[in-house]
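Visitor: Work out the full structure: start from the sequences and follow the hints.
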Amino acid sequence: MTHVTRIEDDGAATQPVPNAVFHLDDVAGKERYDLWKDSIACIFDVDSEKDVRDESFTAQVDANMFGPVMVARTQSLGQSWKRTPSIMARDGMDHYMVQLYERGQMQWEDSSGLRELPEKGLVIFDLAREMASRTNDFANISLIIPRDMLEGALKSQNDQHLRTLSGEEPMVKLLRDHMMSLKALASQMSHRQAIEIAPATVGLTAACLNAAIDQEAPSQTAGVAMAQLTMIRRFIEANLSESDLSAEWIARRVGASRSKLYQLFDVFGGVGAYIRDRRLRRALLALTDERSKHRPIYDIALASGYTSDAAFSRAFRTRYGIAPRDVRNKKWQAESMHRLTDELDRRYERWLHHLSV
Numbered sequence: 079m080t081h082v083t084r085i086e087d088d089g090a091a092t093q094p095v096p097n098a099v100f101h102l103d104d105v106a107g108k109e110r111y112d113l114w115k116d117s118i119a120c121i122f123d124v125d126s127e128k129d130v131r132d133e134s135f136t137a138q139v140d141a142n143m144f145g146p147v148m149v150a151r152t153q154s155l156g157q158s159w160k161r162t163p164s165i166m167a168r169d170g171m172d173h174y175m176v177q178l179y180e181r182g183q184m185q186w187e188d189s190s191g192l193r194e195l196p197e198k199g200l201v202i203f204d205l206a207r208e209m210a211s212r213t214n215d216f217a218n219i220s221l222i223i224p225r226d227m228l229e230g231a232l233k234s235q236n237d238q239h240l241r242t243l244s245g246e247e248p249m250v251k252l253l254r255d256h257m258m259s260l261k262a263l264a265s266q267m268s269h270r271q272a273i274e275i276a277p278a279t280v281g282l283t284a285a286c287l288n289a290a291i292d293q294e295a296p297s298q299t300a301g302v303a304m305a306q307l308t309m310i311r312r313f314i315e316a317n318l319s320e321s322d323l324s325a326e327w328i329a330r331r332v333g334a335s336r337s338k339l340y341q342l343f344d345v346f347g348g349v350g351a352y353i354r355d356r357r358l359r360r361a362l363l364a365l366t367d368e369r370s371k372h373r374p375i376y377d378i379a380l381a382s383g384y385t386s387d388a389a390f391s392r393a394f395r396t397r398y399g400i401a402p403r404d405v406r407n408k409k410w411q412a413e414s415m416h417r418l419t420d421e422l423d424r425r426y427e428r429w430l431h432h433l434s435v
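To convert a position in the sequence shown, counted from 1, into this note's numbering, add 78.
Be aware that a few hints might be false.
[Unchecked claim] Restricting the straight-line Cα-Cα distance to at most 27 Å, the calculated cross-link-like pairs of lysine-lysine (DSSO-like) are: (1) Lys261 <-> Lys198; (2) Lys128 <-> Lys160; (3) Lys338 <-> Lys233.
Note that these hints are calculated values from the structure, not bench results.
Guide: Quick look at the structure:
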């Protein structure tokens, strides 16, 4: 039996790391930008100036799968990038993305004004949250990790979105070098080696995000409050199907006052807003999960804490701008909607949507 297992492992060891390269080199000039926009719509809505969209437009995504983790180098010209509620509803992605820039720059705005990525730094995206940014001509590397693999190891899961880390930090240098090495060595590695390195990559990412100094993250200066918030968030997650879930219901069961709950969840817009967002996020993931495609929408609504189809549909449409039934229909019809051609390698699109532990 042991001998058979080794033969199977040897076969797996000879398989290359999965690699998909989308590029526009062989596409007619007038079609290039439209094809790029259609392809990258698997994760972002992009736009660019008219003079950028001419016949010389270029873009490339070179992606590798390290087990359930993706590393991709993207190169293109200046454009804007958005993730909106409707995009999130369409793709159902629930991942973290860590990004470094080899060339070019990214800018975005928040409450403190215009922000940009520090030189040789990292930026983290929570792909379950909205964002809008702008890049000039660029080349970057993205490390994309399913939430379930990373979130439990993070000290502060909800302080990560659009967080920037200085390139001067030792842990940031270590993760940046690791991401670049993975991409550089992918063609020399076997599929088995790629699977083996995935947990170490996730562990290094968690260590970097936990250890890197960030004066703007309140969780790093309020450890007790953060620990309490984490405990209550886990309690809420375990009880999302409870129709009576509310600040009063939670306070009685976790031994905290309502005023303390309101204080802890103020950053999320309040306890009620947080519960509503998590319930709708759970429903969205169920609607876009192929394993649940025959599950009645009413069952998904009940599991998400809603007692009627109408209330669930209203809340879902308000949050994502689309009806639950339409999300399901679009998900199952996505393959035929994509303009797949024999000349273009668009496997990275499907890989992105099927990352899992």
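Visitor: Now look at each hint and say whether the structure bears it out.
Guide: Status of each hint after checking the structure:
1. Lys261 <-> Lys198: Measuring from Cα to Cα gives roughly 17 Å; hence the hint holds.
2. Lys128 <-> Lys160: Between lysine 128 and lysine 160 the Cα gap is close to 18 Å, so the pair holds against 27 Å.
3. Lys338 <-> Lys233: Satisfied, since the Cα-Cα distance of roughly 20 Å is no more than 27 Å.
Going down the numbered hints, you'll see the structure goes against none, and every one checks out.
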